[in-house]
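Work out the full structure, taking the sequences as your base and the hints as a guide.
Protein chains in written order, with my numbering: chain A, 10 to 144; chain B, 163 to 485.
Calculated directly from the structure, the hints in this document are not laboratory data. All the given hints hold, so there is nothing to weed out.
Distance ranges between label pairs, derived from CB positions:
1. B:E444 - A:L49: 33 to 43 Å
2. A:H26 - B:D203: 39 to 49 Å
3. B:R474 - A:E128: 42 to 52 Å
4. A:R35 - B:Q451: 29 to 39 Å
5. A:L49 - B:G336: 20 to 30 Å
6. A:G48 - B:G480: 47 to 57 Å
Yeah, the Cβ is synthetic: ideal placement off N, Cα and C, and Gly gets one too.
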Amino acid sequence: MAEAIRVIVAKVGLDGHDRGVKIVARTLRDAGMDVIYTGLHRTPEEVVEAAVQEDVDVLGVSILSGAHMTVFPRLLKLLAERDAEDVIVVGGGVMPEGDVAQLKALGVKEVLLQDTPPEAIVATIRRLVAERGPK
Amino acid sequence: MQGGLPSLELVERVCSGERRAVARMLSRAEAGGEEAREALDLLYRRAGRAHVVGMTGVPGSGKSTLVAKLIAAALAAGRRIGVVAIDPSSPFSGGAILGDRIRMGEVSGHPAVFVRSMASRGALGGLAPGTLEAVDVLDAAGYDMVFVETVGVGQDEVDVVRAAHTTVVVSAPGLGDDIQAIKAGILEIADVHVVSKGDKPEADRTVTDLKAMLGLALPAAGLKRPVPVIKTSSARGEGIGELLAAIDAHRDHLVASGEYQGRRQAIRERRTLKAAEQILHEEFERHRQGRMADLVAELAAGTLSPQTAARRLVARIGTEIVP
Numbered sequence: 010m011a012e013a014i015r016v017i018v019a020k021v022g023l024d025g026h027d028r029g030v031k032i033v034a035r036t037l038r039d040a041g042m043d044v045i046y047t048g049l050h051r052t053p054e055e056v057v058e059a060a061v062q063e064d065v066d067v068l069g070v071s072i073l074s075g076a077h078m079t080v081f082p083r084l085l086k087l088l089a090e091r092d093a094e095d096v097i098v099v100g101g102g103v104m105p106e107g108d109v110a111q112l113k114a115l116g117v118k119e120v121l122l123q124d125t126p127p128e129a130i131v132a133t134i135r136r137l138v139a140e141r142g143p144k
Numbered sequence: 163m164q165g166g167l168p169s170l171e172l173v174e175r176v177c178s179g180e181r182r183a184v185a186r187m188l189s190r191a192e193a194g195g196e197e198a199r200e201a202l203d204l205l206y207r208r209a210g211r212a213h214v215v216g217m218t219g220v221p222g223s224g225k226s227t228l229v230a231k232l233i234a235a236a237l238a239a240g241r242r243i244g245v246v247a248i249d250p251s252s253p254f255s256g257g258a259i260l261g262d263r264i265r266m267g268e269v270s271g272h273p274a275v276f277v278r279s280m281a282s283r284g285a286l287g288g289l290a291p292g293t294l295e296a297v298d299v300l301d302a303a304g305y306d307m308v309f310v311e312t313v314g315v316g317q318d319e320v321d322v323v324r325a326a327h328t329t330v331v332v333s334a335p336g337l338g339d340d341i342q343a344i345k346a347g348i349l350e351i352a353d354v355h356v357v358s359k360g361d362k363p364e365a366d367r368t369v370t371d372l373k374a375m376l377g378l379a380l381p382a383a384g385l386k387r388p389v390p391v392i393k394t395s396s397a398r399g400e401g402i403g404e405l406l407a408a409i410d411a412h413r414d415h416l417v418a419s420g421e422y423q424g425r426r427q428a429i430r431e432r433r434t435l436k437a438a439e440q441i442l443h444e445e446f447e448r449h450r451q452g453r454m455a456d457l458v459a460e461l462a463a464g465t466l467s468p469q470t471a472a473r474r475l476v477a478r479i480g481t482e483i484v485p
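This is how it looks when you write it as structure tokens:
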């Protein structure tokens, strides 16, 4: 049996806007992936622990609160501490382009902004997992 | 963690409880590939200490929330808890949304807890392929209790008894009259019954109905031990300690009565048959264009019955897959 791509999608901190993340979860499910949803208001520690336990290929974090420059560096640091740098971190939401470049330099593999079509989200996840190689 | 590590190299790390290794091994168990078979065999032999508790019930009955509360109670008693939580795969895309963690909240991040979500991949019966091997991995990793939370099941999908030492059936109040309860095989598989959402006014009625139906069902099912019916309210935190005590009491009863060995042996035998079925299925698919082509052609021509074809299939595969 071929292993399905495993993705965890998470909302971190004081950000109650979960319509987008639910649509993304549904889109990825419809592309045949296993999608773990954490629910709202998680801490970075909880999200990283869940990503470790679930052995996900991809950690997708949706942020619409403006806290992305705090949250993503924290997530990357925690993943490194847990010997989990191989987890592909993808950001989603609304953020300035300058921030996107900085986040990518820090190790976020891709940032999918608000106008990304569903097919592009699926294609990006598949590409990133293929580039990483076997788990 | 480095990618592509051989499963055999993970075995010792799993047994020492290293979380990344446990997580990776669970992925391999779920995928069911040949590469992991020897490692899973070794882990199976290292397992056998955990109390495996199946949690089943209709969708929305509150299984995940209840598991979260039970974890908190068991942690307070100093135990290490593993959970395998199964949600349905989409029959259309094969993908799945696994949402059991939403209800588990902060307990799932506790260092003595390991929660793993699995997709059912079309398997009926409430479990997923690889669920039983996943339980072995958590058992070998030193978790004292392993909860298996099934897909929300209806009335006769009762595979969880193939995996669990103790089966807990969760019923929510107000979902049908007492006839629903006697129809279902799910009534008889329970070692412990729970009526969840006990803060709702209809809950007492459901408890009464369930007890009445159990009174009718018990002699027929040949059960000697009265099955406890426990009312819980996850919202108010009521009945949780009582439920954990009932689960423990059931294990003690199995041990004291000698039924524990019998139940474990029954699980082993069912697993063997299930694995054999899967091997037949895979071998048939693999060779349907090749060595099985004549069987397929004869079936198509109507010159061979499925019953006879099945016997030939078994005979052909028989000698080739012996390890």
